[in-house]
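Colleague: In case you want the letters, here they are:
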Amino acid sequence: MIGLEGDTIASALVSNGVARFSLHIKGSAPQGIFCANGQCSQCAVLVDGLSRKACVTSLAAGMDVRTISGLPRLSERDEAFSGSPTRRLIVDVLIVGGGPAGLGAAKELGALGLKVALADDKARLGGKLLLQTHKFFGSEADCYAGRRGFDIATELESQVRAQPNVSIFTNSPVIGVFKDGVAGIYEDNRSYLLVSFKALLVAAGAREKSLVFPGNDLPGVYGAGAFQTLVNRDRVKAADRVLIVGSGNVGLIAAYHALQAGIEVAGIVEIADKINGYKVHADKIRRMGVPIYLSTTIVSAEGEGKVERATVASVGKDWKPLLDTARTFEVDTVLVATGLSSCDELYRQAVSFGLLAVKAGDADEIAEASSALFGGRIAAFALARTMGRKVEVDSSWIQKRDILKSRPGNRVTRENVTPGEGWMPVLFCDEEIPCNPCTTVCPTASISLSGRKGNLLDLPYYKGTDSKGCAACIACAACVCACPGLAISLVRALDSDWCEVVLPYEFDASRFEPGSKRMLFDKEGAELEEAELLSKVFNKKYRCWALHFKVSSPNAAKAIGLRVQAPEATACLPQPLFTYAPDEAIVCRCERIRFGEIVSYIKGNEVRDVNQLKSIRAGMGACGSKTCGPLYAAAFRAAGVDPGTVQEARLRPLAVEVPLGTLGDIVAKGGAK
Amino acid sequence: MSVYDIVIAGSGSVGVPLSYFCAKKGLKVLVLDREASWGRGQNRAAIGGLRATFSDPAKIRICTESLAIVSHFKEEHGIDIEWRQGGYLFVAYDEEKEKAFRDLLKVQHAAGLDIDWVGADRVASLAPGINRNGLRGGTFSPGDGYASTLKTNTAFHKLALEEGVDFRFGEEIVGLDMEGRRVRRMRTVKGAYEAGLFVDAAGAQAAAIAAMAGADIPVHPDCHEAGVTEPVERFLEPMLVDIRTDDESGSYYFYQAETGQIVFCITPSPQIWSTDIDNTSWFLPRCARRMLELYPRLANLKVRRTWRGMYPMTPDGQPIVGYAREAENFLLAVGMCGQGFMLGSGLGKILSEVIVDGKRDSILDQLTLYRKFEGMEMLK
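Listed in order, the protein sequences are those of chains A and U.
The opening position of the first sequence corresponds to residue 1 in the numbering used here, with each subsequent residue numbered one higher.
The opening position of the second sequence corresponds to residue 1001 in the numbering used here, with each subsequent residue numbered one higher.
Calculated directly from the structure, the hints in this document are not laboratory data.
Every value quoted in this text rests on a predicted model; they were computed, and no experiment measured them.
For every residue, glycine included, the Cβ atom is placed at its ideal position computed from N, Cα and C.
Among the clues, some could well be false.
[Unchecked claim] With a straight-line Cα cutoff of 27 Å, these simulated DSSO-like cross-link-like pairs (lysine-lysine) come out:
hint	chain 1	residue 1	chain 2	residue 2
1	A	Lys26	U	Lys1074
2	A	Lys274	A	Lys453
3	U	Lys1302	A	Lys603
4	U	Lys1025	A	Lys26
5	A	Lys603	A	Lys26
6	A	Lys209	A	Lys317
7	A	Lys320	A	Lys306
8	U	Lys1074	A	Lys603
9	A	Lys603	U	Lys1359
10	A	Lys603	U	Lys1158
11	U	Lys1302	A	Lys179
[What the hints assert, rightly or not] Examples of chain U residues toward chain A, derived with CB under 10 Å:
hint	residue
12	Ser1037
13	Arg1102
14	Gly1129
15	Lys1151
16	Ala1155
17	Phe1235
18	Asp1278
19	Lys1372
[As the list claims (entries may be wrong)] Far from chain A, some chain U residues (derived; all Cβ distances over 12 Å):
hint	residue
20	Ala1036
21	Leu1105
22	Glu1162
23	Ile1243
24	Gln1256
25	Asp1357
26	Gly1375
Construct the complete structure from the given sequences, taking the supplied hints into account.
Modeller: Written out as structure tokens, the structure is:
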């Protein structure tokens, strides 16, 4: 096998076609990645004799990487004990997490002259921005809307690195917060650093929720964020065909990212009766050829050692699957995109110890990265005020943060557009979301928000020809290429029967020949007509093609997309093929504790305390219950116990496992200290 | 108003087994606890060692009983509490410690305990990888061992439920209604409970409850932190105890659990007299350093979790077991000095015989509240 130095071991293995990393001690169950984010511990492999998470361990020359089969042996490498004192750092504020919120906070606190340490568990700063190859929604002026996440990360990082009083630690998870106002940092995954702080700002982001269904721990079932990490950050073609569970923005974007990477998407299933994410996202995905099945859930993932098929079924009113509606898809990957939960343990731990702490971004509330940018800055100012600095939070920031994280608003029906002689944009978005790049990129200022609400949620309208001071559309196609929803076309009438239509296309159109024909689709993905490609232009700024088609007049203002994947990709098997065993679903991945086992333990022992689940080892694994924690409520409910009456689990360090040798200040192999 | 034969304050290492043994003998038993479930006081914090190799006859007697119960638990009740008879190994790296251990052996042999001096080679074979530099040997007691405190308490809770014991959780005890020198009712934040006998098995909270009966008991908790590593293949059988001290810490000990993790604990120096159970940044670097000096190979083992609990201490390191003079139906089973788990099951059985069968037992004389609290047990 060949891997690239600096890639994570997980990405290197996946790119070599390895889905099964290790065998669990229980039942020799195959184990692969789940979160690819350092949160769970399902991807553990033996690296130079120590078990390590493959997803956060970078490949290096000479490294010995092995499968763990059952319990690993304690390495017999006996190193001399150095005994130097534990290193310490004293700061005003320790920021946990270098994503949009943490970077935003670091920039502000640094500018205020506070001594700041920022620790992030990844090799590069930017957090989830690094995974985001799609164009951002939001406002172009405030939060880089229309630009792609990884570009935004680079800019934010350079702003923070320019602050001399901000120390940055990458590859350095914060392993715990302690009563004495000190945090332990596993610096560069190699040495132990104690950081004394006056205040803690937790901007550690979010982790994906696990989902309970049989086969949910088979290699090939993983989080949509993990998929984005592999595909977008590490450029690994992680799958051939995926099924996505969950229609929130994360699931919808994952489908888009899959198509970008040349991976087929069999479909998206959503247990609710409506799409959970932005409609404009969902429409975009549908047009590209991905079906979204509402009121549908996954009932099993199966295969020999890895996912080979997944079965879904419609659900009844009680959200239980109707097995006679089951459909089986041949996929090698199931992406779990059923929501995120805040990584706020360190915040809660600090608060429980009576320490000064705030949280921001997804660690505070799950929302868009654009909102987190403001959230981080607001939290920084709030903290600075508490620490006696005379600063005011700009009230517009709070407004912007709140608007950017708002749920979609009303659906609005747009009037039909009749193409005329002059160019004009047709706007297809019809749900109020915080987004405005089309209005800011237009060189003639001919698109503006309706003004109904008076904020970013308002829908954009073309006012070019009928409003004062606006010039008409000049057909530059900037709005077409900048729209994150790919929901703007340009039209003009060629004659009474034919129109010219400009459509956005973010995939590779370099081989599209003018004169050839392509099927065009309407907003929701219904076929319209085969249309002749007249010409094509690549917009470098937005990395998007503007394709000019000749379209019949009745369809001209309806056409907005092209199919990206063939219908065969979404076909199911003629007969469903699965066994239904919901009690077999894994809840605690680290210790492989099944749903049925937990329910019967709760019943048999009159359990009303999550802490007691440790008796059957549930939550006792390496991840510290971070992955299974949110799932126990369902188990209590299934046992007939109201989860609201159940005692919550007590938080304890460590957030990340650290070798005793590191804690006792013995230099790890390859260490420079 | 509910009426019971016996109300036990505390559903921990002592209270839960006691409730089971009493209910099995036919008593109607209620257990009260302020926590949301059993074993959430100091049982959850105990690391799980279980030995009979003490120097004091009462402790030897109780722990011998505990060992018999715990080591046969699976056969008798069909519940795996992860008992492992790995033995205890106290190591000596200097002449003074060697002499102390050897002197103690005389007492222990007189008590019929299975413990002996083993040389450095034997220590190294029992604990492969141990630092041999200066190692003189140690005392090894193969009959001792360890079990999961959580599983043991859960098992006793389940058995108690099956015997009809009532457990009421989330009920902090707020007072005792006295009638002359008898306790009539125990009152909690939620109700009042009448019984013929009340037992104080409230661990670190024992003194507050005894005070409600007018008894002043010298039980003061001090704080200890502990931790657990990831699991690895078995490499270590005995519980290793190093009683050396340094400028910040006293003795420390660790063992490899049945499931493969190393569980470890250290005594801070000076002791921290408090009920604080919040983690400190002091613990890990200090404890890791001590452990690595003794056992360099542990450098390769990752720490998974840490926590903090209390030792409800008495002035002489011995429990207090017996009736209070201030209230004749108020039984103290308190001051386990960090050994509630190893004492609890045996004590529960012995006390059930005292309570139900009216048996006289010498431990009530030996561990009475009214003894002179002199000295401190060696190797407490």
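Colleague: Please flag the earlier hints that this structure goes against, numbers listed from lowest up.
Modeller: When the structure is compared with the hints, numbers 3, 4, 9, 13, 19, 20, 22 and 24 turn out to be violated.
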